[in-house]
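Chains as they are written, first to last, in this note's numbering: chain A, 1 to 316; chain B, 317 to 666.
Mixed in with the good hints, there may be bad ones.
If we take Cβ atoms under 10 Å as the criterion, some of the chain B residues that face chain A in the derived model are [said to hold, decoys possible]:
id	residue
1	Tyr349
2	Arg457
3	Gly560
4	Ile588
Covered stretches of chain B, going by a simulated chain A footprint (3 or more residues, C-beta under 8 Å) [to be verified]:
id	segment
5	366-373
6	548-559
7	569-580
8	594-602
9	646-655
FYI, nobody ran anything at the bench for these hints, they're computed from the structure.
Even for Gly, the Cβ is constructed at its ideal location relative to N, Cα and C.
Here is what each chain is made of, one letter per residue.
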Amino acid sequence: MRAYTERIQEAARRLLTDNLVDVVIGFRKGTVPFMNEPFLAKNLDHVRQLYWDGNCGINLANYLAKRTDRVAIVAKGCDSRNIIVHLLEYQIKREQLYILGAPCHGMIDRRRMLASLDGKDPTHAEEKDGAITVAGQDFQVTLDRQEYLQENCSICIHRNPVIFDELLAEPVPEQQDVDRYPDVRQVEAMSPEQRWEYFENLISTCIRCYACRNACPLCFCPTCFVDESRPQWVGKSIDPTDTRTFHFLRAYHVAGRCTDCGACERACPVGIKMRQFTKKMEKDIKELYGYEAGVLPDQRPPLDTYRPDDQAPFIK
Amino acid sequence: MREVYITKEKFPDVVGKLMNQHRVFGPVFQGQYHEFAELKASDEIDLTYQNTRLSPKGLFHPHSERMFQFSLAKGDPEAGIVKEAPKDYSSRLILGMRPCDAMAFRLDDVNFDTTTIKDPWWTRRRATTAIVGLGCNQPCRSCFCTSVGTGPFDPSGLDALLTDVGDGFILQAITEKGQELLDGISDGGPVPAAATEKATQLRKSAEAQFVTQFDPKALAEKDMLELFNASFWDEVQFSCINCGTCTFLCPTCWCFDIQDEVCEDQGDRIRIWDSCMFPLFTVHGSGHNPRSQKLQRVRQRFMHKLKYYQDKYHDGVACVGCGRCVKYCPVNIDIREVARLMTATCVCPA
Ligand code: SF4
Ligand code: SF4
Ligand code: SF4
Ligand code: SF4
Numbered sequence: 001m002r003a004y005t006e007r008i009q010e011a012a013r014r015l016l017t018d019n020l021v022d023v024v025i026g027f028r029k030g031t032v033p034f035m036n037e038p039f040l041a042k043n044l045d046h047v048r049q050l051y052w053d054g055n056c057g058i059n060l061a062n063y064l065a066k067r068t069d070r071v072a073i074v075a076k077g078c079d080s081r082n083i084i085v086h087l088l089e090y091q092i093k094r095e096q097l098y099i100l101g102a103p104c105h106g107m108i109d110r111r112r113m114l115a116s117l118d119g120k121d122p123t124h125a126e127e128k129d130g131a132i133t134v135a136g137q138d139f140q141v142t143l144d145r146q147e148y149l150q151e152n153c154s155i156c157i158h159r160n161p162v163i164f165d166e167l168l169a170e171p172v173p174e175q176q177d178v179d180r181y182p183d184v185r186q187v188e189a190m191s192p193e194q195r196w197e198y199f200e201n202l203i204s205t206c207i208r209c210y211a212c213r214n215a216c217p218l219c220f221c222p223t224c225f226v227d228e229s230r231p232q233w234v235g236k237s238i239d240p241t242d243t244r245t246f247h248f249l250r251a252y253h254v255a256g257r258c259t260d261c262g263a264c265e266r267a268c269p270v271g272i273k274m275r276q277f278t279k280k281m282e283k284d285i286k287e288l289y290g291y292e293a294g295v296l297p298d299q300r301p302p303l304d305t306y307r308p309d310d311q312a313p314f315i316k
Numbered sequence: 317m318r319e320v321y322i323t324k325e326k327f328p329d330v331v332g333k334l335m336n337q338h339r340v341f342g343p344v345f346q347g348q349y350h351e352f353a354e355l356k357a358s359d360e361i362d363l364t365y366q367n368t369r370l371s372p373k374g375l376f377h378p379h380s381e382r383m384f385q386f387s388l389a390k391g392d393p394e395a396g397i398v399k400e401a402p403k404d405y406s407s408r409l410i411l412g413m414r415p416c417d418a419m420a421f422r423l424d425d426v427n428f429d430t431t432t433i434k435d436p437w438w439t440r441r442r443a444t445t446a447i448v449g450l451g452c453n454q455p456c457r458s459c460f461c462t463s464v465g466t467g468p469f470d471p472s473g474l475d476a477l478l479t480d481v482g483d484g485f486i487l488q489a490i491t492e493k494g495q496e497l498l499d500g501i502s503d504g505g506p507v508p509a510a511a512t513e514k515a516t517q518l519r520k521s522a523e524a525q526f527v528t529q530f531d532p533k534a535l536a537e538k539d540m541l542e543l544f545n546a547s548f549w550d551e552v553q554f555s556c557i558n559c560g561t562c563t564f565l566c567p568t569c570w571c572f573d574i575q576d577e578v579c580e581d582q583g584d585r586i587r588i589w590d591s592c593m594f595p596l597f598t599v600h601g602s603g604h605n606p607r608s609q610k611l612q613r614v615r616q617r618f619m620h621k622l623k624y625y626q627d628k629y630h631d632g633v634a635c636v637g638c639g640r641c642v643k644y645c646p647v648n649i650d651i652r653e654v655a656r657l658m659t660a661t662c663v664c665p666a
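Using the sequences and the hints given, assemble the complete structure.
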């Protein structure tokens, strides 16, 4: 991980010095354990702050939409896929971008990490050789990194960037024979009543803060449907009808576009697993169209393609 | 004021008896984290908690509240008349609130309870609620209460204070309300000298764990426009995703929106939390938005808490250092860092 930090700084320095980019989007070290902050390096002074470790789960593609300058961006597998989605959706131009691909080892699930410490307050965390050593005032534990990955990372099959200008390290082996949807199948097997209850419980603690929506690179609409005020489509309260409407519509808006980067779940302050919605969409798109979002830069996504000779009956 | 000692063995009984007289609220573990909830059983309360995920402000200023109701039914003689929606003002007791959160209500009072404006719901709930605090023996790393004028055992916002001394609690009355509460508790005994000594130790060791994060007074002395125009906001705002996490979790963020919702011929006037981080917060009827840029919104939150509030009320900052925003901001924007930037001696204009 340290090696990535050095490589990122070296590349950033080079790109800025050679005036190949105007800014570099990466991370700087966080102020609390298991958190880093997305950071915009504008000059060589800033470059020293660029940093990388297993706490860079925020999807940096979120900071790209509608930028007009020349940007270098550090991109994990998922970020790179969201960059492709951005390119396909005209949010940024390829020639504006210099992608520093970061072959990814999976990002740490901060929530699970903290829960495992049983209320103890960590002050430091250090990753080394597949282990994380966490220390606080009067404790130190070493944990297996693999066990504390974000859920989406543990089932990720695109850890290597799918589009890049240079790679920060040798590609990592991709995970093989991953079953991505056991949880979705479980929900599919439920009766409609059970399913309803399952989703009601899932979102019952939502406070409508929109961290999930705003952490998502796909949510770049100038005005989100929940923020429309003339007319106002969705109620603002935490009445279950309003919360439900928000979650269902958000899930449909990202159908065929979601890369399962997990930024939404990571951001939620109350730990709601809203990927349960988006993963179902993802599974359907895969089964119906054989399509994975953000993998091929030169193929229109199925849900924004229209063909008069489409064989599907709904077109007629 | 009096104090009593309640052993941990007897504590559930004490809570149980209180539940016969009041609606009792306390920190309850709800799956992933603790939240203040009305106790259904006396053993639900968990005083080993650190702090609740959401602040207890919702007990006085709920996220979504029905203020009024009205009918739009044709032929209804009362159609269009806005009537107060029924609310429960029976006596409440909140047990185990952290001193910082209780202090926050005093800061919020300047908004809801002034000589000219009295928010009826806030003030009535405040009047019919007693708050029993729980001193922090083991403050979190993200807390900084002592930097903002309160502390882990600060009694200022409380009616009574509990201190966990191991085998039992010392319960101290702070206000008349607290005293009355103590008078009603028969399971307490005199406080053993050893317990008093332990409490003093705990307080000292808790306070010693804090380092001063920034000096609010230095901010009071800064020129407002100089801070407003400072160049560092550009750096601070970059990572912000303008969500409602920091403001919704914060005990001192009081902003709300009011809307009418109509279903068929019945309507409700509701009040819901709002956040200065949302673009919609400042959109005018004309469509113009004076804070259309993210930078303006991010700056507003910090300026309001750390500068405007101070300048307006001359009573410290609008932050009690509970650390919720520090812990849960999804992109790690840390108010302590921002305050340090704001207090740094050289504020260069952009
Ligand atoms: S981040 Fe969590 S609490 Fe906030 S709107 Fe999304 S699901 Fe609800
Ligand atoms: S600003 Fe942050 S630390 Fe201060 S009271 Fe609000 S949530 Fe707590
Ligand atoms: S910081 Fe923003 S939401 Fe919080 S009280 Fe101030 S203006 Fe309102
Ligand atoms: S500072 Fe953090 S919590 Fe607050 S709006 Fe910005 S991203 Fe959300």
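If you check each hint against the structure, which ones fail? none
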